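Undergrad: In case you want the letters, here they are:
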Amino acid sequence: MDKVIDIRDISFSYNGCVALDKVSLSLAPGIYGLLGPNGAGKTTLMKVLLGFLSPPTGTGTILGHDIRTQSREIRRAVGYMPEVECLLPFLDGVGTVAYLGELSGMSRQEAMKRAHEVLFYVGLEESRYREAKSYSTGMKQRLKMAQALVHDPRLLFLDEPTTGMDPQGRQEILELIRDISAKKTMSIVFSTHILSDLEQTCEQVIIIDKGHIRTVADIHEMRARQYDTYELRLKGEAEPFFARLEEAGVKRHPSERGATRIGVPPDFAPADLFRLARDHGLQVRHFRNCKTTLEELFITLIEENHGHQE
Amino acid sequence: MAIKSKGYQVWDGRLLRRTFGWTPIFWQGVLQVFRKKRAKVLYIFAGMPLLLFAAIIYVMTKPELKVFSEFIREYGTDPKLFGAYFTNGFMIFILLLISVHAGASQIAGDRKSNAFALYFARPITKLDYVLGKLAVVMFYLLAFTLVPGLILILLKMMFTGSMDMDLQAAGATIVFPILVSLCFATMILAFSSLARSGKLVTVVLFVLYFASDIVQGILYGIFRSRWFHLLSLRENIQNFGWTIFGVNTRADEVLLGWLSGLVLLVLTAVFGGLLALRIRRMEA
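Going down the list, the sequences are from chains E and P.
Residue numbering for the first sequence follows the working numbering, starting at 3 and increasing by one per position.
Residue numbering for the second sequence follows the working numbering, starting at 679 and increasing by one per position.
Next comes chain P alone, as it looks inside the complex (with noise of 0.2 Å):
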């Protein structure tokens, strides 16, 4: 392993002053969490509510196949179609397995290996550090709510051979996925920041996910009470849906609805500030 007889070559290059010195941090985790172990499977098994919502409006608009038409009567309406595709359980738990999948290792694997080291001494600040890994995170969550939210619009403007669509309904298409994936990718990162095993993180994740669902479970079924659905990551994100998507109509499920959309906010801003502060601590 001796020195090539060449020896050392100056490179006569330039080197390019990045407007946003995230992107080749965003590009690489891209890459590098296609290429996981396991992750076909998992974008396959995220892609399911797409094909099942495309077969639902296919069903809906032809009237051949008015022999279905009772299965999915409860899709009626564009924002109860929308509504559900976007706050069935399933779909929040594959958010929460995307979130996991893409998010655990990021900074954690970094702390792991000493990385910071690397990265710092590169022309980046920590704010583009931090925004190149919640990008990579946000590319993956959007890439399974908001992309397939868009298709299923564009979908059934072909089916039905219209440009009619609830307004509200196109518009919380967009604004509910990216809300709540900053939500996911915030909460995420965080942990990650305060980790170096991802494994370690996506248990903690999985545990505080289910447990507030367990603990909301519990106290609604001694008290009767849909306040203490607040409680609940997942109540919030369906309760905070219903509403933004305009399917909730009563003025105390509208109510809580919004209160749900306001714990979210929190919780982004609370995760997204620990975030911050795990980073400006961390030293090359």
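Here chain E stands alone, though its shape is the one from the complex (with noise of 0.2 Å):
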């Protein structure tokens, strides 16, 4: 299958601070997930992507364009939903979609039928001839939305789509996700800092640091692969314990009502927990086998890139 991104060595430094550092980077077509902390370097990827930015070294294409020598390609494309709150100043919702169409290289009559089209998909029918200016956070990110679903692209950044929306709102948009990720005919490269959002989305997630690619796995499998969680209560003074357990390669996170939560390695048995407990004069008060979420395995997966490099 053709992949969708395919970039070799990517780097991009803004005044001498990398914010990309030799990134690697090829994707077959799906749903993407791309993570990190702020100031990773996954806005920066994306306007590399899209030849916002020229990067100094390395190559790649998007979509089979050379994002060199191609960009004007790429973006006919590519659709692309900004961060940033942005509008076009004086229009309607469906001007500025039916006019970025054209912008697009849509025809006019065209443009404004499409505009007509995802406006009613994104749920903007009834305000679509308001001025744009007056749409509120929620509105303005499913306007953003239409505009990057106008011309039909079949590759889509989504950059934070759901900042700024209410609990209704991002689940709606993520519907919306999900169903254009289920027609197939469309990848997806979803940047977001809700963890929450890219495990009901994604099939697949980025993780990227420091201007580095850390890894690309499907979400299922890496929790599957590399991760056991348990939740547990002690009776007794429980650090030494701890201390022990992390000498042998446990992840310990803070835990609500008194409880931790440990991140075993494969090949750690929970009868070794047992024992060890027994061993310190501790009580298992409570133990449970836990699903990991997202976000422990984010911070976990981060905690080992910056102890590797210590």
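Treat the hints with care, as some may be off.
Stated by the list, open to error - To give a feel for the contact side, a few chain P residues facing chain E, derived at Cβ under 7 Å:
1) 689
2) 693
3) 710
4) 872
5) 899
Don't read these hints as lab results, they were simulated from the structure.
These numbers were taken from a predicted model, which means no experiment stands behind them.
For glycine and all other residues, C-beta sits at the position ideal for the given N, C-alpha and C.
Using the hints, put the two chains back together into the complex; each one sits in its own frame.
TA: Rendered as structure tokens:
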């Protein structure tokens, strides 16, 4: 299957501050979550992929188009929903979407027809003739989504699409993303800080930190393969016990109501844990195998990488 | 506001490859400016010199209206008639108003609403963006200078029933409005690219226009030297106009006229360069 994104050794700096450092990425069609702490390089990566920024080193293609020489072709085939609040002054919803469709290469009539269609799709049919600047935050997010979809791109970049939305609006945007990806005609790269959004929508996750791609993996496989999490509550002085566990490679996360969550490596049997507790004179009052959240996985991965660097 | 039951619909059309990527920006800008508040009042106001000069041409060509000829004696030749049309103070002020009306918010508005992220995610270049915006301002400036100028030539030919026309005046009727409009358009767009508010751009342009005139007036009053006219935008336009239309005949007037033209060209180049620099630095 052809790659939608295939880049090699892309680097980019802002006045000497490295934002991307020899990033290589090869993605097949699908829906990907782009995850990373603030300043990790997510937005810079998207801007390089869209041709907004020209990297001094590296090569690559987006949908088969060279990122250095064919940025116009790339932008014809790609939809982009920016993170920042942005709109076109003096235009209503349908005018905005139709105009941006025209700029993408649609004829005026087609763009207007399609603008109505996508505004219906994102749920702005009743507000489409209102000036866009009067929209609420959630409506502006939908409008940005509509303009990214108007020319029916083959690849969609969504930069923090649920920012500033109430829970219901967030769920509706996530539903839209799931619906689009279900058609299998469009690949999606979805950047967010809200990890549960990724869990609900994405098949794969790209973790980026300090300008490096840390991993690209299937969310479910990654969780099953790498981590087994337990929640336990102990009676007695537990610190030496946890110190001993950490020496054995166990990750410790604080949990609610006096319980502690631990992520254990695959070769660590639960029986070893009970044995160690007994050796430290502790009573295990509560022990439960629990689901690892993506947030825990993400923090663990980032911590591991920082540990390797140190 | 849930997803419609039919779900996402794939678009089966084909995207066009435009030779001139700026044309949608141009058409959108023209419509947007036309829909602005008080636009119609301004256009009526801007159309008044055309009506007045059409009436002058009519009176000049009709012997039965000789009684009025005393009032229009100074427009007796083509260079004087067309030169007066383009260089009168009212017309220059109208150009200033149209520049502000059509151009002040063009880039400032996009900056204020972060529209670059939307524009440059499309298959257009920064040059397309600038050309589109420039074309909008030029359209309105030329609509009230070049087009009425050509209409006046046609009216003159119709009323006199003759194709006779001073060739220098005819050429200047085309070249002069284009050069002056380009100067105003690059100036307003350069200011617009520096600000986030169209109102601020308007104020700055008016202040510069009147300040240059006032400074020139004071210096001319003190030193009685016409070279200080080079400091005033209005005087430069007028001096250049009288020279290019062939009204100025004295050597010092002609020299001053061409120097004024040079000042306008330099201003156009400086503001054009500033505009290009600002747009190049703008990030999506």
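Undergrad: Could you run down the list of hints and mark each one as holding or not?
TA: Outcome of the hint check:
{"no.": "1", "hint": "689", "in the structure": "4 Å, holds"}
{"no.": "2", "hint": "693", "in the structure": "3 Å, holds"}
{"no.": "3", "hint": "710", "in the structure": "5 Å, holds"}
{"no.": "4", "hint": "872", "in the structure": "17 Å, violated"}
{"no.": "5", "hint": "899", "in the structure": "43 Å, violated"}
Of the numbered hints listed earlier, those contradicted by the structure are 4, 5.
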